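Novice: Listed below, chain by chain, are the residues.
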Amino acid sequence: MDREFIARGVKRCSTGKFLLWILPWAALLAFGLYSAGLCLIKGLNQTNMDNRFAFGLWIFLDLTVIALGAGAFFTGFLLYILKIKDLRAVINSAVVIGLVCYSGAVCVLGVDVGQPLRAWFTFWYPNVHSMLTEVTFCITCYLTVLTIEYLPIVLKNRKLRQIPSFLVFEFELHKLIYVLAGVGTFLSFFHQGSLGGLYGVLRGRPFAFREGFAVWPSTFFLFIISAAAVGPSFVLLTTWLVEKISRKKLVKPEVFSLLGRISGLLLSVYVLAKTVDTLIWINRTSPESGFPAAQYYSWQPFGTWILFAEIVLFGLVPALMLLAPQLRARTGWLVTAAMMACCGVALNRFVMTVQTLALPTLSFDRFLSYFPSWQETGTFLAVVAFGVLVYSISFRYFQLFPSERELRRF
Amino acid sequence: MLPWNYGFHLDTGHIVFLGAFYTVLVIVATTVVNALLRSRRDMQTSKVEHIRWHSDFHDLPAQDRVCRHVLTGEFKSGECPNSFDCRECETHAKLLQVHPIAAGGEKEIFGMSFPLDRLYHRGHTWARREADGTVTVGLDDLGSRLLGTPDEVVLPAPGARVEVNGTAFRVRNRDADVRVLSPVDGEILETGDADRGWYLKVRPAACGELPFRHLLRGAEVRPWLLREMERLQLTLSAGGAPTLADGGVPLSDISAAYPKADWDAVCSEMFLQV
Chain A
1 MDREFIARGV KRCSTGKFLL WILPWAALLA FGLYSAGLCL IKGLNQTNMD NRFAFGLWIF
61 LDLTVIALGA GAFFTGFLLY ILKIKDLRAV INSAVVIGLV CYSGAVCVLG VDVGQPLRAW
121 FTFWYPNVHS MLTEVTFCIT CYLTVLTIEY LPIVLKNRKL RQIPSFLVFE FELHKLIYVL
181 AGVGTFLSFF HQGSLGGLYG VLRGRPFAFR EGFAVWPSTF FLFIISAAAV GPSFVLLTTW
241 LVEKISRKKL VKPEVFSLLG RISGLLLSVY VLAKTVDTLI WINRTSPESG FPAAQYYSWQ
301 PFGTWILFAE IVLFGLVPAL MLLAPQLRAR TGWLVTAAMM ACCGVALNRF VMTVQTLALP
361 TLSFDRFLSY FPSWQETGTF LAVVAFGVLV YSISFRYFQL FPSERELRRF
Chain B
411 MLPWNYGFHL DTGHIVFLGA FYTVLVIVAT TVVNALLRSR RDMQTSKVEH IRWHSDFHDL
471 PAQDRVCRHV LTGEFKSGEC PNSFDCRECE THAKLLQVHP IAAGGEKEIF GMSFPLDRLY
531 HRGHTWARRE ADGTVTVGLD DLGSRLLGTP DEVVLPAPGA RVEVNGTAFR VRNRDADVRV
591 LSPVDGEILE TGDADRGWYL KVRPAACGEL PFRHLLRGAE VRPWLLREME RLQLTLSAGG
651 APTLADGGVP LSDISAAYPK ADWDAVCSEM FLQV
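These protein sequence lines are chains A and B, in that order. The numbers in the working numbering rise by one with no breaks, and the one at position 48 of the first sequence is 48. The numbers in the working numbering rise by one with no breaks, and the one at position 19 of the second sequence is 429.
The following block holds chain A by itself, in its conformation from the complex (with noise of 0.2 Å):
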């Protein structure tokens, strides 16, 4: 039926198939849009978040889908400034989970904020000496790109490129990504070190304060690197397991191997300055604070394990993973590292969010304990079958993987 907008040369499945698989997605964010409507509607009684606790479920998953969709901005970044052409094979792909991912982030926070019909306030009246209009700016701006970025990928359609407007469009379009490219590097760059940034400079939550260089705490660039070292390792995440459902080879194995080598690179580079970054927060920043380090990891369950899962389990571990040239050869070793890293930046934000405000600061207070409602459960399945959705109709529609056409001969 729909066999005239499908790329030529590759394979999908029947449009039959492909309704049965969008079709739980789709119920699943009818769900959620139901339970950010109540959100959005009644007010966020509806959660289970409060004063105390004002940053939940939604700001991790904010946080965490952030990073993993930096693979856009770093994979353009690579291709298009650095010119390293071989990851032209998942820069279309990189691209669809950085809108996807930014997408459900600026929705999610448009939906954690409220008031949707002031939400241009923040752009009008903007406070500009806060992290969080930092992040504002840019997320909405990057997003912008990103879109744009991703209107050559549509309009190479089959069907929409047989149009000649779309179709030169496209190729003038293409021709001037990489200013594109550079510029969403800037603002991924910034928004990624603004969101460290601003857990980084809460005075009043010594487990998270840190210092820092100029305006900067450690922890923007630590934001930093490590979305910059998780996103090749979700991109390959994400090929992989496209590759096993729809059951075709869409990338070389040395485009495999060069995103987990990019990413093993990065991460070690991000476990060496967390490691320092956690020795003087240990040593100096904390104490001086007030508070010995070791009183943060005798609240249960965020016991020390964390600090070591965090840094060694899902960072040093994977890191070297990445790095060994005979283990990356392995698709599961390099699969099992990739997952791993990604894990290990989901948990550095689920540590920076929900960890940050459970512990307690003040003699009266007390520690907190939180369970998202599944109001804000179902939002956050929302973004989950969202980006399902979006991938899987741009997968069968659009040219996610150039390579595949290639590699069917084969």
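By construction, these hints were calculated from the structure, which means they are not laboratory data. Just so you know, not all the hints are guaranteed correct.
Interface residues of chain A toward chain B, partial, derived using beta-carbon atoms under 10 Å [stated by the list, open to error]: (1) 11; (2) 129; (3) 148; (4) 244; (5) 399.
Listed next, the in silico DSBU-like pairs over lysine-lysine satisfying Cα-Cα at most 35 Å (straight line) [stated by the list, open to error]: (6) A:83 / B:670; (7) B:670 / A:159; (8) A:83 / B:457; (9) B:670 / A:252; (10) A:244 / B:670; (11) B:457 / A:175; (12) A:248 / B:670; (13) A:83 / A:252; (14) A:175 / B:504; (15) B:486 / A:248; (16) B:504 / A:83; (17) B:670 / A:11; (18) A:175 / B:486; (19) A:17 / B:486; (20) A:85 / B:486; (21) A:85 / B:457; (22) B:611 / A:159; (23) B:457 / A:159; (24) B:486 / A:252; (25) A:11 / B:457; (26) A:249 / B:486; (27) A:11 / B:486; (28) A:249 / B:504.
A quick note: this is a predicted structure, and the numbers were derived from the prediction, not measured. Beta carbons: idealized from backbone N, C-alpha and C, even for Gly.
For this one, chain A is given, so just place chain B on it according to the hints.
Specialist: This is chain B only, laid out in the frame that chain A set:
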């Protein structure tokens, strides 16, 4: 946000932050507007076919974009940087001076007819220069066998212009819709059909040897065709269809022999389009 806004202060924070924001917006907007203006210019100067070819060429598999001198064994590897338009290629010009292409060759290759009086385009068309200065364009023997008996041939009207690597005419057969690429620049004088052995008579846009320099000839044809047969085998085998047996001769209607093959994909590969 703006100087007359409530809460705006003309301090370093505002100037740096909003300055960076506006710069980003200006760059993004300029890029999009620039692309739109370029697109309008391209549409006005009828560059659509040129762009379509460049876009298609860019998306062809790497092994299909190799230079003609790789086919003949002069180079070990190398992608054509000129999208198969050797007219402006300095390397090709230099190589021609050192080793002119041998005029001889075989009229029959792998059981197919490739007369020596014509020049061949890599998209399976040929061009024959006639005594009256016109050029006759047709499908080569492999191209004809691939398309078999077409369901429909859409030819341009006399007076229309064609350009090298742009669409010369369209052929529909089974589920395949093929844009057959033009080997020459020029104006259509007359149209033919498969029975007459040619499809177009063209008044070339320029005279001399240069307008035909991108076309294969003489001793180049056999190695090119060898590569094409390999490509055909690979393309057919990709769809799970039986492969061609060695030593045979392609059928007059290959598509009819592969009823289950995705013929649209096979033709798009062989006729250099995506």
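Novice: Now tell me, hint by hint, if it's right for this structure.
Specialist: Going through the hints against the structure:
1. 11: holds, 8 Å
2. 129: holds, 6 Å
3. 148: holds, 6 Å
4. 244: Because about 20 Å separates residue 244 of chain A from the closest Cβ in chain B, which is outside the 10 Å limit, the hint is violated.
5. 399: holds, 8 Å
6. A:83 / B:670: Violated - the C-alpha atoms of residue 670 of chain B and residue 83 of chain A are around 41 Å apart, more than 35 Å.
7. B:670 / A:159: It holds: about 23 Å lies between the C-alpha atoms, which stays within 35 Å.
8. A:83 / B:457: The hint holds at about 28 Å.
9. B:670 / A:252: holds, 28 Å
10. A:244 / B:670: holds, 25 Å
11. B:457 / A:175: Between residue 457 of chain B and residue 175 of chain A the Cα gap is close to 15 Å, so the pair holds against 35 Å.
12. A:248 / B:670: Holds: residue 248 of chain A and residue 670 of chain B sit about 20 Å apart, inside 35 Å.
13. A:83 / A:252: holds, 18 Å
14. A:175 / B:504: Status holds; Cα separation ~30 Å.
15. B:486 / A:248: Given pair residue 486 of chain B, residue 248 of chain A holds - Cα atoms ~30 Å apart, limit 35 Å.
16. B:504 / A:83: Status holds; Cα separation ~29 Å.
17. B:670 / A:11: Given pair residue 670 of chain B, residue 11 of chain A holds - Cα atoms ~14 Å apart, limit 35 Å.
18. A:175 / B:486: The hint holds at about 30 Å.
19. A:17 / B:486: violated, 45 Å
20. A:85 / B:486: Since the Cα atoms of residue 85 of chain A and residue 486 of chain B sit roughly 21 Å apart, the hinted pair holds (cutoff 35 Å).
21. A:85 / B:457: With a Cα-Cα distance of about 27 Å, the restraint between residue 85 of chain A and residue 457 of chain B holds, given a limit of 35 Å.
22. B:611 / A:159: Measuring from Cα to Cα gives roughly 31 Å; hence the hint holds.
23. B:457 / A:159: holds, 19 Å
24. B:486 / A:252: Answer holds: residue 486 of chain B to residue 252 of chain A is near 22 Å, not above 35 Å.
25. A:11 / B:457: holds, 31 Å
26. A:249 / B:486: holds, 27 Å
27. A:11 / B:486: It holds: about 32 Å lies between the C-alpha atoms, which stays within 35 Å.
28. A:249 / B:504: violated, 41 Å
In summary, the numbered hints that this structure violates are 4, 6, 19, 28.
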